[in-house]
Amino acid sequence: MTTQTYYVPTQSRWPILASIALFLMAFGAGNTINGLNAEQGGGIGVMLLLAGALAMGLILIGWFGNVIRESHEGLYSSQMDRSFRWGMSWFIFSEVMFFAAFFGTLFYIRTLAVPWLGGEGEKGVANMLWPGFTAEWPLMAPPDSETFPGPKGIIDPWHLPLINTILLISSSVTVTIAHKALKQGKRSAIVLWLAATILLGAGFLVFQAYEYVEAYHELGLTLHAGVYGATFFILTGFHGLHVTLGTLMLIIIWLRVMKGHFSAEKHFGFEAVSWYWHFVDVVWVGLFLFVYIL
Amino acid sequence: MSRATPWLLVALCAPCAAWADWTVNLTQGVTDISREVYGLHMLIFWICVAIGVVVFGVMLWALIHHRKSRGAEAHNFHENVAVEITWTIIPFVILIAMAVPATATLVKMYDQSEAELDIQITGYQWKWRYQYLGEDIDFFSSLSTPQTQIGNEESKGEHYLLEVDNPLVIPTGKKVRFLVTANDVIHSWWVPDLAVKKDAIPGFINEIWTRVEEPGVFRGQCAELCGKDHGFMPIVVEAKSEADYQQWLAEMKQAKSSQAAAAEKTWTLAELMESGQQVYNRTCAACHGPDGGGLPGVFPALKNSPIALGDPAAHIDIVMNGKAGTAMQAFRDQLSAVELAAVVTYERNAFGNNTGDLINPADIAALKQ
Amino acid sequence: MSTLEQTAAAGELTEHHHGPASGIGRWLFTTNHKDIGTLYLWFSFIMFLTGGCMALMIRAELFQPGLQLIEPAFFNQMTTMHGLIMVFGAVMPAFVGLANWMVPMMVGAPDMALPRMNNWSFWILPFAFAMMISTLFMDGGAPNFGWTFYAPLSTTYAPPSVTFFIFAVHMMGISSIMGAINIIATILNLRAPGMTMMKLPLFVWTWLITAFLLIAVMPVLAGVVTMMLMDIHFGTSFFNAAGGGDPVLFQHVFWFFGHPEVYIMILPAFGIVSEIIPTFARKKLFGYASMVYATASIAFLSFIVWAHHMFTVGMPLVGEVFFMFSTMLIAVPTGVKVFNWIATMFRGSMTFETPMLFSLAFVVLFTIGGFSGLMLAIAPVDFQYHDTYFVVAHFHYVLVPGAIFAIMAATYYWIPKWTGRYYNETMGKVHFWLSFIGVNITFFPMHFIGLAGMPRRIPDYALQFADFNAVASVGAFIFGFSQLIFLYNVISCIRSGKKASSEVWEGSHGLEWTLPSPAPYHSFTEPPVVK
Ligand code: HEA
Ligand code: HEA
Ligand code: CUA
Ligand SMILES: [Cu+2]
Chain A
1 MTTQTYYVPT QSRWPILASI ALFLMAFGAG NTINGLNAEQ GGGIGVMLLL
51 AGALAMGLIL IGWFGNVIRE SHEGLYSSQM DRSFRWGMSW FIFSEVMFFA
101 AFFGTLFYIR TLAVPWLGGE GEKGVANMLW PGFTAEWPLM APPDSETFPG
151 PKGIIDPWHL PLINTILLIS SSVTVTIAHK ALKQGKRSAI VLWLAATILL
201 GAGFLVFQAY EYVEAYHELG LTLHAGVYGA TFFILTGFHG LHVTLGTLML
251 IIIWLRVMKG HFSAEKHFGF EAVSWYWHFV DVVWVGLFLF VYIL
Chain B
1 MSRATPWLLV ALCAPCAAWA DWTVNLTQGV TDISREVYGL HMLIFWICVA
51 IGVVVFGVML WALIHHRKSR GAEAHNFHEN VAVEITWTII PFVILIAMAV
101 PATATLVKMY DQSEAELDIQ ITGYQWKWRY QYLGEDIDFF SSLSTPQTQI
151 GNEESKGEHY LLEVDNPLVI PTGKKVRFLV TANDVIHSWW VPDLAVKKDA
201 IPGFINEIWT RVEEPGVFRG QCAELCGKDH GFMPIVVEAK SEADYQQWLA
251 EMKQAKSSQA AAAEKTWTLA ELMESGQQVY NRTCAACHGP DGGGLPGVFP
301 ALKNSPIALG DPAAHIDIVM NGKAGTAMQA FRDQLSAVEL AAVVTYERNA
351 FGNNTGDLIN PADIAALKQ
Chain C
1 MSTLEQTAAA GELTEHHHGP ASGIGRWLFT TNHKDIGTLY LWFSFIMFLT
51 GGCMALMIRA ELFQPGLQLI EPAFFNQMTT MHGLIMVFGA VMPAFVGLAN
101 WMVPMMVGAP DMALPRMNNW SFWILPFAFA MMISTLFMDG GAPNFGWTFY
151 APLSTTYAPP SVTFFIFAVH MMGISSIMGA INIIATILNL RAPGMTMMKL
201 PLFVWTWLIT AFLLIAVMPV LAGVVTMMLM DIHFGTSFFN AAGGGDPVLF
251 QHVFWFFGHP EVYIMILPAF GIVSEIIPTF ARKKLFGYAS MVYATASIAF
301 LSFIVWAHHM FTVGMPLVGE VFFMFSTMLI AVPTGVKVFN WIATMFRGSM
351 TFETPMLFSL AFVVLFTIGG FSGLMLAIAP VDFQYHDTYF VVAHFHYVLV
401 PGAIFAIMAA TYYWIPKWTG RYYNETMGKV HFWLSFIGVN ITFFPMHFIG
451 LAGMPRRIPD YALQFADFNA VASVGAFIFG FSQLIFLYNV ISCIRSGKKA
501 SSEVWEGSHG LEWTLPSPAP YHSFTEPPVV K
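Residue numbers (our numbering), protein chains in the order written: chain A, 1 to 294; chain B, 1 to 369; chain C, 1 to 531.
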């Protein structure tokens, strides 16, 4: 434990504004989604959602701007730095658990629910209700194929997904190189390697978008295609969302590097983003294995 | 203070005890399994009481003797590994003693083999359907307590809320296997006397069995929140001796053929309206309201509804086939052709929907084929 | 960049020497752990009254058989909202509020580790609950599927307001996760020199573990409501067998969150009681180390017992047996705790101020609730208990005279430190006795009606359950209205209570009692040294 004085910020307007923005987003999203369902279109809900999201964006810029300013004024001790580190680590842990819920879902459905419906295992009598249904994974013909028409095909793991795996893994490498460079104070190397990371991330997103289009238009692999589509999209979808966020964060960090924000000793912002990026990468490896290959 | 609780309760309950018979404990039930479950329940209960007596006894002793007002001085011990290990191990041993018989009973309950009769039980919002597999018997069972009793306009009968129109009938002395499932949401089929409670999961089947030795009537309720009328979907099981059971089977089959005959006859609007009203109040009013007003946002009103005023074919279609993914279930199998025709006719002419349409039972019977 | 010493000094000058701001801005913009703690506590109390009023509505309808006051559809909304509000709005925020107030003081920190985020964690809550309560006024009414919202009742068959319920849950989740991160960071990083882990007060320890549970399971809740949202609006079939999913999957994921959640509502209570009993027994807590290990074991076990809520869904036999055994095991570490408390009292020198009374009642009544929990854990017998009032009796015993009593004990115990004034002891005792009696009259008979066969979540019941229901309803009103005494006592304490010393209680130990009463706006600007 250090005896440095711990910096406690004065009052701040950001949190309450952020709460309001979050509320607008949630309330707007609720209205939008309910509107979709009732086929009345979004209307005011969409406006609220957009207003909230915009406000949230601005608030985050302001809030982090504040933090960066304070950091530059040298208000942060190394103890403060550790608080941030704990904060980020536990946040990533919470993200791990979020994905764990979906992976758990996938495993349960594959190893228990679908076989039971297909007449296998201890609860196979369920098959009485679904005559003609046989269990298989990927599930091409769900029990009620009229309501949930299964996909016509599935994504071949050895094309786009493999490329994406390579992209993401190399991006983890490049961000590590950038980190090394940062520790050695080589600014131009950092800028270069970070840029490479961003490009790799963006490339991943482009391919994923392409994959989704293909899934929808050619393979009939949709959210509505039964539980295979459901698990596929919830896992890859949330992962894609995290890559998007991670890429945005990398871009911000990149801009900050160019502005000369980080020093070889103090660069928590950079590290936080790189941790996050590695996390996203690890999740992908899990996805590649369990969603695409197996 | 733990002393005070039971006395207070006794004091409070004494007056109540005077005016009704009340139970405070689990039923022993009527099957071997249910008696075993009761035994387990009492065993665990008494173990807990014994532990409670010891634990609270020591605490009470301390509360009385080690109080400052009595001049007690605080001692200074705050650790004792031996004691701490002891009171970790003893509860553990007690738990093992509980786990052994519990597991044995559980294994018995899970033994589905050698069933002599299979009955499929399906939960619907808010009634039960019983299908005797291989017997061509299939009927619905719903609450028969009149609405007036529930609304306190009439005094309540003996089996208030625990009575149905068509009870489930099973033979005594036979191992009956229930295949429990649901049509819409999750329900749970529970008859305490049989110690049977199984969730009815839509799309899946749960198996459970029972063997009742003596004839009798056993009452239970749906035990999983299943929407608005969850409190109003009781279960009545009648165990009949083999001979009575066979007779009942014959009567059921008889009733079925006379039902088919009724569809052949020609019905007047007034007749249809009258029986339609009955069917409506029994089957549809739970959701669409006795006055056809529905429940805004959840159940649509039938009064002035475009379907009830529009093309009769569409109306008949939704009533017979329901609408997938909504609470509107298919009534094709639940109601006879006459009932279907009657209820649709009723909806098209009641609540101010004066279309004047008459739906012919024979047409419905044709559709039902 | 300037050196750390200098900047610390600068920070000191510009930022540290100020008291609370005035006006509403103080509460909206504050970064102070005490202000935020206060906000949490008041919010939680308001939610307690709201949820309590719903409970009273339930009890009023159940006073007699037949439908008298409310429609079945509305009854279900009341049950659901009562459960949700009490769990997420009353108990959890109250514990976070107590942590905000006490953890920095107990570990010798200047404030919480991330003060701005702390403010955000709180202010999300009022918005989340405003949205959730607003569903009562929407078409089709509020959520009506129970606080456990089992699919498909909560998906395909839910009222439209379920969408807002889902987003409200997301907001609460964000709030809880950030709150928990803050508490962990404070405990791990802001301890005063010499405050080693094994010297942490038990309240801090239990909160450390609770925070870990929160971070581990709130995201799972977020995941499950997200899947619901997808099933309702985007055509997926996670919980629909027609597409290859399974409604029971919902329950597995929900209870993977839900069971740790119930320990989230009790571990901090264990911590509170472990602070209070030693003070009034004037004797060190017995078995500090085993208390810590027991808490950790409970937390660990809480992850592998979830399906004891689902014994009747028709799990394969091995599953049933596994979850039965693991659940029973929890009695061991919990027993260790109970025995330690009693050993602490044993040969002490006890006095019975209000916080102590509440703590003693906690020990007894929580244990009774634990016993009924153990009975529920026996799978074959749970087939009879499940979804009856026996379960309702069980969880109210662990939650009301458990969690709620602990929160009240904590309030009485620490309020002199917060306000610098004593509450009215006589009034406190009256509050205690009325609550104690009321709680037992309300919830004890529920064991009987449950065993006799009354299912839960029903607005009307068969005649043989009538008497005890009437008794329970009377008790609920006694218990409910005695909380107004508490409210009055707290307000008059803040306004005009007798001045308190810094030590407050004769037998108190710990860093928080070394600060003056009321505790200064900034707790430890200079870290104290713990020997
Ligand atoms: C604070 C909250 C809390 C706590 C602490 C507990 C504690 C426990 N609970 Fe409870 N429980 C709930 C809140 C809680 N529960 C809620 C809210 C529900 C219902 C949810 C819903 O459906 O809505 C529920 C439901 C519930 C069920 C499901 C019932 C059903 O729906 O069918 C079960 C089943 O096993 C259970 C078991 C237990 C056990 C074994 C403990 C154990 O932790 C108890 C351990 C304590 C003791 C045993 C007493 C002290 C020990 C000793 C003195 C040592 C010696 C004792 C022995 C060896 C016996 N609980
Ligand atoms: C911590 C959690 C908590 C707490 C504190 C309580 C407190 C109470 N609960 Fe319950 N309860 C739950 C958690 C809790 N509950 C849960 C999780 C469920 C399951 C829900 C479900 O099935 O989904 C449940 C379900 C539940 C039921 C079963 C409902 C059903 O199955 O249909 C009942 C029935 O009696 C009940 C009663 C009560 C009562 C009488 C109280 C009393 O302790 C309340 C005390 C009353 C007050 C505190 C009121 C104070 C207000 C005033 C005096 C008026 C003053 C007003 C103003 C100033 C505005 N609760
Ligand atoms: Cu069916 Cu409850
Ligand atoms: Cu549990």
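If you're looking for bench data, these hints aren't it; they were derived computationally from the structure.
Fair warning: there could be bad hints in the mix.
Below, simulated DSBU-like cross-link-like pairs (lysine-lysine); rule was C-alpha separation at most 35 Å, straight line [unchecked claim]:
{"no.": "1", "chain 1": "B", "residue 1": "Lys156", "chain 2": "C", "residue 2": "Lys498"}
{"no.": "2", "chain 1": "A", "residue 1": "Lys186", "chain 2": "A", "residue 2": "Lys259"}
{"no.": "3", "chain 1": "B", "residue 1": "Lys68", "chain 2": "C", "residue 2": "Lys531"}
{"no.": "4", "chain 1": "B", "residue 1": "Lys265", "chain 2": "B", "residue 2": "Lys108"}
{"no.": "5", "chain 1": "B", "residue 1": "Lys68", "chain 2": "C", "residue 2": "Lys199"}
{"no.": "6", "chain 1": "C", "residue 1": "Lys429", "chain 2": "C", "residue 2": "Lys284"}
{"no.": "7", "chain 1": "B", "residue 1": "Lys253", "chain 2": "B", "residue 2": "Lys240"}
{"no.": "8", "chain 1": "B", "residue 1": "Lys175", "chain 2": "B", "residue 2": "Lys256"}
{"no.": "9", "chain 1": "B", "residue 1": "Lys265", "chain 2": "B", "residue 2": "Lys175"}
{"no.": "10", "chain 1": "C", "residue 1": "Lys284", "chain 2": "B", "residue 2": "Lys68"}
{"no.": "11", "chain 1": "C", "residue 1": "Lys531", "chain 2": "A", "residue 2": "Lys266"}
{"no.": "12", "chain 1": "A", "residue 1": "Lys266", "chain 2": "C", "residue 2": "Lys199"}
{"no.": "13", "chain 1": "C", "residue 1": "Lys429", "chain 2": "B", "residue 2": "Lys68"}
{"no.": "14", "chain 1": "B", "residue 1": "Lys303", "chain 2": "B", "residue 2": "Lys174"}
{"no.": "15", "chain 1": "C", "residue 1": "Lys499", "chain 2": "B", "residue 2": "Lys68"}
{"no.": "16", "chain 1": "A", "residue 1": "Lys152", "chain 2": "B", "residue 2": "Lys323"}
According to the in silico footprint, chain B covers these stretches of chain C (three or more CB under 8 Å from chain B) [to be verified]:
{"no.": "17", "segment": "71-85"}
{"no.": "18", "segment": "252-263"}
All C-beta atoms in this analysis are idealised placements derived from N, C-alpha and C, irrespective of residue type, glycine included.
Given pair status - Lys266/A, Lys531/C, alpha carbons within 35 Å: With a Cα-Cα distance of about 33 Å, the restraint between Lys531/C and Lys266/A holds, given a limit of 35 Å.
Straight-line alpha-carbon gap Lys284/C to Lys68/B, limit 35 Å: Distance ~16 Å between Lys284/C and Lys68/B Cα, so the pair holds.
35 Å Cα cutoff - pair Lys68/B, Lys199/C: Given that 35 Å is the threshold and the Cα spacing comes to 28 Å, the pair holds.
Annotated coverage of the segment 252-263 of chain C by chain B, confirmed only when three residues or more have a Cβ within 8 Å: violated (count 0)
Pair hint outcome, Lys175/B versus Lys256/B [Cα-Cα no greater than 35 Å]: holds, 27 Å
Pairwise hint evaluation, Lys240/B against Lys253/B, where the allowed Cα distance is 35 Å at most: With a Cα-Cα distance of about 17 Å, the restraint between Lys253/B and Lys240/B holds, given a limit of 35 Å.
Restraint status (C-alpha distance of Lys156/B to Lys498/C at most 35 Å): Roughly 57 Å between the alpha carbons, so the hint for Lys156/B and Lys498/C is violated.
Lys186/A paired with Lys259/A [C-alpha distance capped at 35 Å]: At roughly 14 Å apart (the allowed maximum being 35 Å), Lys259/A and Lys186/A satisfy the hint.
Distance restraint between Lys429/C and Lys284/C, which requires alpha-carbon spacing of 35 Å or less: holds, 25 Å
Restraint check for Lys429/C with Lys68/B, where alpha carbons must lie at most 35 Å apart: Status holds; Cα separation ~18 Å.
Restraint check for Lys265/B with Lys175/B, where alpha carbons must lie at most 35 Å apart: violated, 42 Å
Per-stretch coverage check for the segment 71-85 of chain C, three Cβ contacts closer than 8 Å to chain B: Three-residue rule met by the segment 71-85 of chain C, so holds; n is 3.
The structure does not agree with the numbered hints 1, 4, 9, 14 and 18 stated previously, though it agrees with the rest.
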